[in-house]
Structures are given as C-alpha cells and as structure tokens.
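Protein chains in written order, with the numbering used here: chain A, 1 to 113; chain B, 1 to 110.
Worth flagging that the hints you see were computed from the coordinates, not collected in a lab.
All values reported here derive from a predicted model rather than from experimental measurement.
Think of the CB as a built atom: it goes at the ideal place given N, C-alpha and C, for glycine as much as any other residue.
Incorrect hints may appear among the rest.
What the hints assert, rightly or not - In the BS3-like style, the derived pairs of lysine-lysine whose C-alpha atoms are separated by at most 27 Å in a straight line are:
no., chain 1, residue 1, chain 2, residue 2
1, A, Lys78, A, Lys57
2, A, Lys3, B, Lys54
3, A, Lys3, A, Lys78
4, B, Lys105, A, Lys3
5, A, Lys78, A, Lys62
Claimed, not checked - Here are the simulated distance ranges between beta carbons:
no., chain 1, residue 1, chain 2, residue 2, range
6, A, Asp14, B, Val12, 35 to 43 Å
7, B, Gly41, A, Met55, 21 to 29 Å
8, B, Glu15, A, Thr98, 34 to 42 Å
9, A, Ser73, B, Lys66, 37 to 45 Å
10, A, Ser73, B, Glu17, 44 to 52 Å
11, B, Asn18, A, Asp14, 46 to 54 Å
12, A, Gln17, B, Glu17, 32 to 40 Å
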Amino acid sequence: GPKVLQIPSHQIIDMGQMVTLNCDPVSNHLYFYWYKQILGQQMEFLVNFYNGKVMEKSKLFKDQFSVERPDGSYFTLKIQPTALEDSAVYFCASSSGTNYEQYFGPGTRLTVL
Amino acid sequence: GQQVQQSPASLVLQEGENAELQCNFSTSLNSMQWFYQRPGGSLVSLFYNPSGTKHSGRLTSTTVIKERRSSLHISSSQTTDSGTYLCALEANYGNEKITFGAGTKLTIKP
Numbered sequence: 001g002p003k004v005l006q007i008p009s010h011q012i013i014d015m016g017q018m019v020t021l022n023c024d025p026v027s028n029h030l031y032f033y034w035y036k037q038i039l040g041q042q043m044e045f046l047v048n049f050y051n052g053k054v055m056e057k058s059k060l061f062k063d064q065f066s067v068e069r070p071d072g073s074y075f076t077l078k079i080q081p082t083a084l085e086d087s088a089v090y091f092c093a094s095s096s097g098t099n100y101e102q103y104f105g106p107g108t109r110l111t112v113l
Numbered sequence: 001g002q003q004v005q006q007s008p009a010s011l012v013l014q015e016g017e018n019a020e021l022q023c024n025f026s027t028s029l030n031s032m033q034w035f036y037q038r039p040g041g042s043l044v045s046l047f048y049n050p051s052g053t054k055h056s057g058r059l060t061s062t063t064v065i066k067e068r069r070s071s072l073h074i075s076s077s078q079t080t081d082s083g084t085y086l087c088a089l090e091a092n093y094g095n096e097k098i099t100f101g102a103g104t105k106l107t108i109k110p
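So that you can see chain A by itself, here it is in the shape it has in the complex:
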C-alpha cells in the first residue's frame, strides 16, 4: 500500500540544539500531520498542515516547533531549541483529502541529552 517515509529513523542531539525531522508523504496526498509518542505513553496529535498552512495545533506544539513543506518536498518538523522533554518518537502521517484515512510513517526516535 501507500508508504510514508521518515528520515532519520533515529536522532540524538544535545539539549538546545536544533533538529529537523523529515517526512516524505504519500504522493498526491494533501494533508499532513505530526504526532508525538513519549516512550510508554499515548500517541498524541501535534499539528496538521494543508495548502501551506497550519490548520490546527495542540498545546504540545510549542513555540519552538515549526512545520513547512517547501515546494512539495519533504514535510518537516523543526524544533529550535530542543528540550529534554522533546525526547519521543515522532510520527508523520498524510491523507488524500478524498477520504479521511491517514497513512503513517515508521517514526523518528528523537533523543535529547
């Protein structure tokens, strides 16, 4: 079936540094999402994005977070600066817009030291 790719699979950085997580969504999908899952905890919504704009964001989507998809390339989540509590697995998803099924990537495991 359709695949969403995420790069890198793992990232270890020092607190205060910037990190960019990359998502290659399903071709021709129009809606993009980021979710966060802290180890052992529930998957939670961060943000969704359509037509170059953030549609909705949760309280977890702090001011240090930003998303973009320049010129139809990767859909990115940038955290600047990172904090210890940002350590989690971040999942990207996309949907077509003709139905509401979301397709998920394998996740990027971010460790902030």
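Keeping the supplied structure of chain A fixed, place chain B upon it in accordance with the hints.
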C-alpha cells in the same frame, strides 16, 4: 474529557482463543482506524472503518456509530498477535487530527 476509551487495557489469552477489543468514543465520528503498534513503535494499519463491519483474515472490525463504539475481533489468536492495538477517532469535518485511545496490550500465551 477523554474522547476515546479503549478496553480492556490489557488482555491475556491462550493461543487459539478469540480476542475482543473495544473502543468507545464520546464525540461524533467521521472515521475510525485500528492500528497494531509493533514493539519497536511502528504502526501497522489494520482497518479504516467509519461504519459497519470489515474483515481481513482472522480480524474483524465493527463500528456502530449510533452506539459510539468500534470493536476489533481476533479469531483463533496466535502468539504473533501479541502487541498493542490502538483505535483512533477522527471527528468533525474531515482530514483533521485523529485522537488515539490508550491502547490494549494483548498477550497470547502458547
């Protein structure tokens, strides 16, 4: 309040038994998805089922909108079915966020 509630939180069965996992939701529904989350964390999409019943091998998903519930049935369980099962609700207008339940941790003993 909690929009999506999964039950049971954990379930232990003997191989060959059937498993019934429940998801109840408190808001209106646009779509319901069921996922299997591997121990490493990646998600396997099992069903996209906004209403009615769908089958896939030993798995059956039933969503009853009026009763605000969705279920996942696993027949003749196998040890490889062990893992965490998540339901996820998309409410409102479509193509918005999905809200995950806390999951059911299923353990199938040989």
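Tested hints:
1. A/Lys78 x A/Lys57: The hint holds at about 14 Å.
2. A/Lys3 x B/Lys54: holds, 22 Å
3. A/Lys3 x A/Lys78: Since the Cα atoms of A/Lys3 and A/Lys78 sit roughly 22 Å apart, the hinted pair holds (cutoff 27 Å).
4. B/Lys105 x A/Lys3: holds, 26 Å
5. A/Lys78 x A/Lys62: holds, 11 Å
6. A/Asp14 x B/Val12: 35 to 43 Å: holds, 42 Å
7. B/Gly41 x A/Met55: 21 to 29 Å: Given about 26 Å between the Cβ atoms, the range holds.
8. B/Glu15 x A/Thr98: 34 to 42 Å: Once the Cβ atoms are compared, 40 Å apart, the range 34 to 42 Å for A/Thr98 and B/Glu15 holds.
9. A/Ser73 x B/Lys66: 37 to 45 Å: holds, 44 Å
10. A/Ser73 x B/Glu17: 44 to 52 Å: holds, 48 Å
11. B/Asn18 x A/Asp14: 46 to 54 Å: Given range 46 to 54 Å: holds, Cβ gap about 49 Å.
12. A/Gln17 x B/Glu17: 32 to 40 Å: Given about 49 Å between the Cβ atoms, the range is violated.
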